[in-house]
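Based on the sequences and whatever the hints tell you, model everything.
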Amino acid sequence: SNAINPKADPVTIDKNYTYYLDYQFNKKWDNGTQITAGATYEHMRSTSVTTGNHDSDNAALFFQYDQRFFDRLSVSAGMRAEYYRVDDFLREADTKIFGAKVPVKPIFRAGLNYQLADYSFIRASFGQGYRYPSLTEKYARKDIGGVGVFPNNEVKAEKGVNAELGVKQGYKFGNLMGFFDVAGFYTQYTDMIEFRFGFFDPNSYAYANSTQEILGIIAKGQMPGIGAQFYNVSKARIYGAEISTNGFYNFNPDTKLSYNLGYVFIEPEDIDYKEKNEIEAQYNDPLRAKEKSNDSKYLKYRQKHTVKGVLDLQWKRLNLGMNVTWKSKMLAVDYLMVDEREKEQPDAMEYIRQLLYGNIGGETLNTYWKEKNTDYCVVDLRAGVKITKDVSFQFMINNLFNKEYCTRPMLVLAPRTYVMQLNMTF
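Numbered by our numbering, the letters in the sequence shown go through residues -14 to 411 in order.
Do not take every clue at face value.
Below, in silico cross-link-like pairs of lysine-lysine (DSSO-like), each with a Cα-Cα straight-line distance of 30 Å or less [unchecked claim]: (1) Lys144 <-> Lys81; (2) Lys261 <-> Lys312; (3) Lys153 <-> Lys293; (4) Lys141 <-> Lys220; (5) Lys314 <-> Lys259; (6) Lys86 <-> Lys153; (7) Lys127 <-> Lys86; (8) Lys0 <-> Lys141; (9) Lys289 <-> Lys388; (10) Lys282 <-> Lys144; (11) Lys220 <-> Lys261; (12) Lys388 <-> Lys312; (13) Lys241 <-> Lys374; (14) Lys220 <-> Lys282; (15) Lys289 <-> Lys220; (16) Lys144 <-> Lys275; (17) Lys357 <-> Lys127; (18) Lys81 <-> Lys141.
These aren't lab readings, by the way, just hints derived from the structure by calculation.
For clarity, every value in this text was computed on a predicted model and none was experimentally measured.
Here it is in structure tokens:
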């Protein structure tokens, strides 16, 4: 395989071969005890224009203990030990046992669910997380209209712990039935996998983050590549709350209104942001890029508030539906795209942004983002008819009010769109 330069391999089409084995043992006892144990193995060989040629092994042993008490309390605890390999030179896990490194990662989790009353439940859980970087995150190399995706062999597995506490309550008022759910969650990451937008060496794919490094590339008769690459954020945490309700109202045997409403609040923090800001404040190289567009504590490409609603009215063969999504502004983006810090006059990096992204009548990517990075609401409508048992027709209007909005710089979402869809089941 060619992990350093996947483009060097004579690959013209993407092919994946996957072999999977799974064994599971399950035993139940009359006293409410249940154990589940087993093993899985997956081997994959991938041939891709984007990521090159790679083969991987993923093996795991797992065990879970479940116990039910008094028909109301359910307790669960388990562990999983994983081994992961990509190609011949890399073992992802790096666990120490009695001082020796082994290529296996143990993961533990536990949870409980207690029925307080009829249709009333409380739940709690705690677990560890471990995610290997995908082949795309580690090895992808692609050019899209002058902007590239660059591989990073050094990106490490993402580790974390998470906890959740939630309450679920059922309700019924006449013909109205549904559930209400509220939960709080907390997740802390080490080596969280994110992507950064910047300049890169077109040969080694190393991140070029100084005048010296960029001039060194030019001195070799090449231009630095511009694009994105996955990397690790040292420490991060995301916590918040989620409230949702779903159910239906029966008007009569032929007419029913279904709904699904929810609100999510998150606080996505870079734990090391103060130290990073102190280091970046000492930068005096005009081409030295900061990590993100502002000095806030927030991770890039996150929004604090999200509200979603789905309504569906069914009458005999006809249906009407509506989706509503409201989101708050993006908290931070990449520095090479936008700098939201107040300055008395444009710096050298701002002129580079204008050279890269354009300046039309005084409007730049920077000014456009500052204007458009606000909260937004998008409404979609749909109507349909079930013609026969196997044939149905849908007409949809996406972005009904033709809202101009973007979720990141250089990504303006679709305007009002009309879609007609005919579904046939054979």
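Okay, the hints, checked on the actual structure:
1. Distance hint between Lys144 and Lys81 is fulfilled; the C-alpha atoms sit about 15 Å from each other, no more than 30 Å.
2. As the CA atoms of Lys261 and Lys312 are separated by approximately 28 Å, the hinted pair is consistent with the 30 Å bound.
3. For the hint linking Lys153 to Lys293, the alpha-carbon distance of about 19 Å falls within 30 Å, and the restraint holds.
4. Proposed proximity of Lys141 and Lys220 is supported: the alpha carbons are some 13 Å apart, at most 30 Å.
5. Distance hint between Lys314 and Lys259 is fulfilled; the C-alpha atoms sit about 22 Å from each other, no more than 30 Å.
6. At most 30 Å may separate the alpha-carbon atoms for a hinted pair to count; Lys86 and Lys153 exceed this at roughly 43 Å.
7. The straight-line distance between the Cα atoms of Lys127 and Lys86 is roughly 35 Å, outside the 30 Å bound, and the hint therefore fails.
8. For the hint pairing Lys0 with Lys141, the CA-to-CA distance comes to about 25 Å; that is within 30 Å, so the pair holds.
9. With a CA separation close to 20 Å, the supplied pair Lys289 and Lys388 stays within the 30 Å bound.
10. The suggested pairing of Lys282 with Lys144 holds, with an alpha-carbon distance near 20 Å, which does not exceed 30 Å.
11. For the given pair, Lys220 sits about 12 Å from Lys261 by alpha-carbon distance, which is consistent with the 30 Å threshold.
12. Pair hint Lys388 plus Lys312 holds up; C-alpha atoms about 13 Å apart against a cutoff of 30 Å.
13. Using a Cα cut-off of 30 Å, the hinted pair Lys241 and Lys374 holds, with the two alpha carbons roughly 19 Å apart.
14. A distance of roughly 12 Å separates the Cα atoms of Lys220 and Lys282; the hinted pair therefore holds under the 30 Å criterion.
15. For the given pair, Lys289 sits about 19 Å from Lys220 by alpha-carbon distance, which is consistent with the 30 Å threshold.
16. Of the supplied pair hints, the one linking Lys144 and Lys275 holds, its CA atoms being roughly 25 Å apart against a limit of 30 Å.
17. For the proposed pair Lys357 and Lys127, the alpha carbon gap of about 29 Å is at most 30 Å, so the pair holds.
18. Restraint check for Lys81 and Lys141: the C-alpha separation of about 16 Å stays at or below 30 Å, so the hint holds.
Consistency with the previously given hints fails for numbers 6, 7, ordered from lowest to highest.
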